Amino acid sequence: MTSGTLPPEIRRHIGHDLEPVRPLPPPWVRALVVLAWAVAGLLVILAVGGVRADAGELGMLVAWGAAMVEILAGFALIALALREAVPGAALPRRTLIGALLAAALVAGAVALLTWMRAAPAASACRFDAGMSCLAMEFALGVPALAMTVLLAVRALPVRPRWAGVLGGVGSGLLADGLQHLLCPVSDLAHVLVWHVGAIVGLGCAGWVAGWGVERWRARRLRSRA
Amino acid sequence: MYDEERRRGDEALAGLMEAYQGGDVTAFETLYSALAPPLKGYLRALTRDATLADDVLQDTFLQMHRARHTFRPGHAVKPWAYAIARNVFLMHRRARGRRERREVLADSTLPESPVRPADGEIVDRDTLGRAVAMVGRERCEELLLHHVAGLSFREIAGVLGISEGAAKVRAHRAMAELKRVLRGDRS
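Respectively, the protein sequence lines represent chains A and B. This note's numbering numbers the first residue of the first sequence as 200 and each following residue consecutively. This note's numbering numbers the first residue of the second sequence as 109 and each following residue consecutively.
Isolated chain B (complex conformation) (with noise of 0.2 angstroms):
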């Protein structure tokens, strides 16, 4: 039921992006509204502030904008939009020069997560930040993509030049090291 949903989703933004590269900049519209509130929620989560996101978000569209014919017809939105974004966030950083900050997640910036109801109870929003943020964020980056952007495992691999299992692995042990922050932080 939920690939299903996905899999018409993806159809769309693809339907989307083909008109966009054709000039139509109502598509263009629509995918941003599609597209810029998770965007938003990973880049929050890369960056830990929220007005560098808002600019990264910006320069990412302008970005997409330049690069749209690179977007091949046939083929998903999400790992394209993410790659430039991610790839944007690393200009940024690069261009700033500064190093990352490992300051705890504020509460406003955290992504907003489709996580189901009854994840939701297990523990609260700022408990979850703070446990991303103890287990830093190089090492939650598949857990973001997959769980937060809703980006299969081949897809991960796609935007971040890793293969699928590692991906996977990756994943699997971000998940597993919050797991044990979480435990901790609770004890």
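Same shape as in the complex, but just chain A (with noise of 0.2 angstroms):
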């Protein structure tokens, strides 16, 4: 087997299947389909029920350019997820972990201006407030990772726990960018508990999405020996 001759075995197997196919385009290609989710949302949210009613008195920059800035770091981990699943292109352990600080960052930075800005009597921080923003942000992130996830799987990740866990935070951050623009709690205690919790949430959910492909992987393989 070793002369280099290929053996009937493989020959069989994709003489079946020699159809032409057309090469993966770049991980941020791929996930512009995923920035088509958060881009829906943020129309849905326009046209149903508006941005947030202190919208006005945080000012252009921490309403709409904070919530851009993580719809835009959620997108770039999410192309990090998709890249990091292309065999061959797997990226250092200190760059996923510096992604997932960055991703830190910027979600503790844009709660931070949030609480700063806003008025002292718009901060409430309640149980069923933070329950709702927490619903609200899995019902936008859930789909989003899905997408990711689907996309990564499709890519054959040699991590997938890594690409999950990208993808998950990555979703989460798109999510937390459009749920920005709603929620009207500006709370720094609400935010960090409710909507940082969301993002860790779906971080963790795409970690468990990651372990589930390998162990389907894994069962698919025990099966066919």
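Hints may be right or wrong, so weigh each one.
Stated by the list, open to error - Label pairs and their in silico Cβ distance ranges: (1) A158/B with H215/A: 26 to 36 angstroms; (2) F326/A with A284/B: 52 to 62 angstroms; (3) G273/B with C403/A: 40 to 50 angstroms; (4) R221/A with G258/B: 28 to 38 angstroms; (5) V133/B with R293/A: 48 to 58 angstroms; (6) L260/A with V133/B: 50 to 60 angstroms; (7) W227/A with R174/B: 16 to 26 angstroms; (8) K287/B with P224/A: 41 to 51 angstroms; (9) P181/B with A345/A: 20 to 30 angstroms; (10) R414/A with G244/B: 23 to 33 angstroms.
To be verified - Beyond 12 angstroms from chain A on every Cβ pair, some chain B residues (computed): (11) D111; (12) E113; (13) E119; (14) A120; (15) R176; (16) I192; (17) G237; (18) R238; (19) G258; (20) H280; (21) M283; (22) E285; (23) K287; (24) R288; (25) G292.
Said to hold, decoys possible - Which chain A residues face chain B? A few, computed with CB under 8 angstroms, are given here: (26) T204; (27) I213; (28) H215; (29) L217; (30) R221; (31) P222; (32) L223; (33) D253; (34) A254; (35) A288; (36) R293; (37) G297; (38) A354; (39) V357; (40) R416.
To be clear, the hints were calculated from the coordinates, so they are not data collected in a lab. A quick note: this is a predicted structure, and the numbers were derived from the prediction, not measured. Here a beta-carbon is modelled for each residue, glycine too, at the ideal position from N, C-alpha and C.
Two chains, each in its own frame: build the complex with the hints.
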């Protein structure tokens, strides 16, 4: 078999499927699919409920600018997850950890800026408001995560759990960028617990999805053996 | 001279890969004959089991076929192929759920290494195999990918998910360890 002649089993297998294939587009192009979801979400928000009541008080930069920064950071993380999923293009662990820390910095900075600019009367940390934010972020983030995982699996990730975490945190940032335009609560505790909590939760969900992909592949290999 | 040859070889492989993506079975056959022997050497070093290495090699090519759309034209084929081979090996290890055996490499399981004749005179393959086994597969992986598979440190970084600097440092450490083991072996 080392001789380099194609074994009959492989020849038979590939003989059934030799259709020309289109090479995968670059990761950032594939990530645009997920960004399109965020843009659709934004349009729905604008059409249905409008932006938060204190948007004028926060100013253009803190209301819209911060949301856009979060959405773009989420897009970058999703593109990194899709790059990580391509064989031979794995990223150093330091880069992956750096990207996650940068995501934490962006989320923290948005929370802090909003809290500093908002009127004290607007600050209130209530459990029901928190749960509603958490549910909304998951409703926006889970479809984005599902799309990212599907795109990553199609590219054959060597480390699916890492791709999952990056995709999860990226989807969380996308969702939080949208929720930042909706949620009228600027209290630091509320944003750190419920909004950042949702990002962390989606990151964990991404890790679990990656772990599931690994298990599924191992099971498929075992069943073939 | 060697770099120029390497570059031409990489370009030829990339051309074959693009033809294969276009549905050319002859290109796949040529790719197989070029990639199977070095990949098998790498997999033998990872698995330390000739039969298992054959199974993993077959699964690697089937996986490469399924994932042929993931190869990006204009990029090198070898890091892509070695990353898939490593992935399939890890999947096999997980699926089997058994720990790697730390047995000494038999002569037949040694990778075919492009060792220059002068280096070949320093130690015989059997001794080198024993030394690699003593140092450990994980610690020698960068060394194998660089010296056996002929990948650059940048390509190794992409295969293993580490930085280029880390790949260089690990390969250097493994080489130093290998030398230490070989010196101890001789004394």
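Results for each hint:
1. A158/B with H215/A: 26 to 36 angstroms: At 29 angstroms between Cβs, range holds.
2. F326/A with A284/B: 52 to 62 angstroms: holds (59 angstroms)
3. G273/B with C403/A: 40 to 50 angstroms: Because 31 angstroms falls outside the window, the suggested range is violated.
4. R221/A with G258/B: 28 to 38 angstroms: holds (30 angstroms)
5. V133/B with R293/A: 48 to 58 angstroms: At roughly 42 angstroms between Cβ atoms, R293/A and V133/B fall outside 48 to 58 angstroms, so the hint is violated.
6. L260/A with V133/B: 50 to 60 angstroms: Taking Cβ atoms as reference, L260/A and V133/B lie about 58 angstroms apart, which means the hint holds.
7. W227/A with R174/B: 16 to 26 angstroms: holds (24 angstroms)
8. K287/B with P224/A: 41 to 51 angstroms: holds (46 angstroms)
9. P181/B with A345/A: 20 to 30 angstroms: Once the Cβ atoms are compared, 29 angstroms apart, the range 20 to 30 angstroms for A345/A and P181/B holds.
10. R414/A with G244/B: 23 to 33 angstroms: holds (27 angstroms)
11. D111: holds (20 angstroms)
12. E113: Holds, since 19 angstroms exceeds 12 angstroms.
13. E119: holds (16 angstroms)
14. A120: For A120/B, whose nearest Cβ neighbour in chain A is about 15 angstroms away, the distance exceeds 12 angstroms, so it holds.
15. R176: violated (6 angstroms)
16. I192: violated (5 angstroms)
17. G237: Label holds. Min Cβ-Cβ 17 angstroms, cutoff 12 angstroms.
18. R238: holds (22 angstroms)
19. G258: holds (15 angstroms)
20. H280: Since the minimum Cβ distance to chain A is about 17 angstroms, H280/B lies beyond 12 angstroms and the statement holds.
21. M283: M283/B is indeed farther than 12 angstroms from all Cβ atoms of chain A, at 21 angstroms.
22. E285: Given a closest Cβ separation of 22 angstroms, the condition holds.
23. K287: The assertion about K287/B holds, with a minimum of 27 angstroms to chain A.
24. R288: holds (27 angstroms)
25. G292: Given a closest Cβ separation of 32 angstroms, the condition holds.
26. T204: This hint holds: T204/A lies near chain B, its Cβ roughly 7 angstroms from the closest one there, short of 8 angstroms.
27. I213: Constraint on I213/A satisfied, holds at 5 angstroms.
28. H215: Violated, about 10 angstroms.
29. L217: holds (5 angstroms)
30. R221: holds (6 angstroms)
31. P222: Holds: closest Cβ of chain B sits about 6 angstroms from P222/A, inside 8 angstroms.
32. L223: This hint holds: L223/A lies near chain B, its Cβ roughly 5 angstroms from the closest one there, short of 8 angstroms.
33. D253: violated (44 angstroms)
34. A254: This interface hint is violated because 42 angstroms lies over the 8 angstroms limit.
35. A288: holds (5 angstroms)
36. R293: holds (6 angstroms)
37. G297: violated (11 angstroms)
38. A354: holds (5 angstroms)
39. V357: Where the cut-off is 8 angstroms and the nearest Cβ of chain B is about 5 angstroms from V357/A, the hint holds.
40. R416: holds (6 angstroms)
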